[in-house]
Every structure is written in structure tokens, then in C-alpha cells.
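J.: Here's the letter readout for the chains.
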Amino acid sequence: EAAVTQSPRNKVAVTGGKVTLSCNQTNNHNNMYWYRQDTGHGLRLIHYSYGAGSTEKGDIPDGYKASRPSQENFSLILELATPSQTSVYFCASGERVGQNTLYFGAGTRLSVL
Amino acid sequence: GEKVEQHESTLSVREGDSAVINCTYTDTASSYFPWYKQEAGKSLHFVIDIRSNVDRKQSQRLIVLLDKKAKRFSLHITATQPEDSAIYFCAASISNTNKVVFGTGTRLQVLP
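Protein chains in written order, with my numbering: chain Y, 1 to 113; chain F, 114 to 225.
Isolated chain Y (complex conformation) (with noise of 0.2 Å):
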């Protein structure tokens, strides 16, 4: 079965400070997604990755960083975090382009102070 796993499951981060989110998928999937998920918004793209050394902005990249340095692993960078990211993160993996099934992470929870 796909597995995506992310790290840390939960967070709790300082207004100003750093914070990195990982994403490891054993499926060998090409395509990988950060969303994030907030009430009333569902769920909204932040960066998404064709394959290792490639990142593309979502809807929303502004205030966020992603790095794919392989096949396996894909990292969200939030270099200075402030309150408003305050939310559930989601990595997802998927393998064909526009048919795009997605297999997704259990989610961190990130409480930014």
C-alpha cells in the first residue's frame, strides 16, 4: 500500500522562528504536494514537486519554501512563521500527470505562537 509519512506530527513553533516539515514516500511517485487544510478553506496548495530538484507554487507558496532533494522526500520551509500559518499541513504523493490519484500523509498539526 502507498505510504507518505510527515514529520513532525505536531509542532509548536515561535512567531519569527524556523520551522521545517518533512515528507517521506515510499510509493516512488514522481509527484509530490504540500497543502495545507483550514476551516472554510479546505484544503489550499502551497508548492507541489514534478520529481527530485523541482518545485512549483501553488495557490498559496507566499511565506513558504519547499526543497525535493530526492525522489523520496519533500521538505516545507517556513523561514519565518508567523500566527496566521497556524494549521494542518498535508503532504501528498501522486504518479501520473492529469490523472492524478493522491495518496496523502496522516497531516501535522502546526501551532505557531
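Hints may contain errors.
Said to hold, decoys possible - Cut-off 30 Å, straight-line C-alpha distance, at most; resulting in silico cross-link-like pairs (DSBU-like, lysine-lysine):
no., chain 1, residue 1, chain 2, residue 2
1, F, Lys212, Y, Lys65
2, Y, Lys65, F, Lys150
3, F, Lys116, Y, Lys57
4, F, Lys155, Y, Lys18
5, F, Lys170, F, Lys150
6, Y, Lys65, F, Lys155
7, F, Lys155, Y, Lys57
As the list claims (entries may be wrong) - Computed footprint of chain Y on chain F; a stretch qualifies when at least three of its residues, placed anywhere within it, have a C-beta under 8 Å from a C-beta of chain Y:
no., stretch
8, 158-168
9, 213-224
No lab work stands behind these hints: they were computed from the structure. Glycine included, each C-beta is placed from N, C-alpha and C at the ideal position.
Let chain Y serve as the given structure and place chain F on it in line with the hints.
T.: Frame of chain Y; chain F shown alone:
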């Protein structure tokens, strides 16, 4: 860019009745429309999809309809059961891209 609107934020039905969740999309180039389910406190998992070359697809109690002219698609859950209670997300993906855009979710409650 593509936007997906999910019309019902909450929906309550009686057990055994049908539930219908409606979504619309903006980009005519969208060609793939998956649905995901999120149970309380859990992550999302795929439940059913439809591609733009068909207008109806059924998997057990789930039916997806696609109206390309109206840029609308819907999820029908027949003979609802308590375990159908969850948040359902529709999504759309444009052919030849990897971008998948989600709706805002519909919280379905199946009442006894």
C-alpha cells in the same frame, strides 16, 4: 488558475437516504475529477474519480456525474450508512499538469 467550488458546506441525511454533493469548476481544460473522504481526526483518502471522457461512473454505493457543459460534477451516495459520515472533498486536475485543486469540503452527517 483553476478554482473548484463546493456548494454544500454541511449536509445531513437520514440513514438509508441518498446524499448529493455538488461541485463546479472554472477551467475547461480540467479533465480529471477525484473525490476524497476525510473521517474525523484522520487524513484524506481517495474514494472515486471520473475522467472527462465519461459522464457517469459508479462504484458500489457511490455515483459520480459529470456535466462538462455546465462545468459541474457531483457525488451521490446511495443508501447512506453511519460510516459515510465524514468530510468529502471534490477536486479537479488539468490534463498535462500535476496540479490538483480542491474544493472547500462538505461535512456529511448521516443521522440514525
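J.: Among all the numbered hints in the text so far, which are the ones the structure does not match?
T.: none
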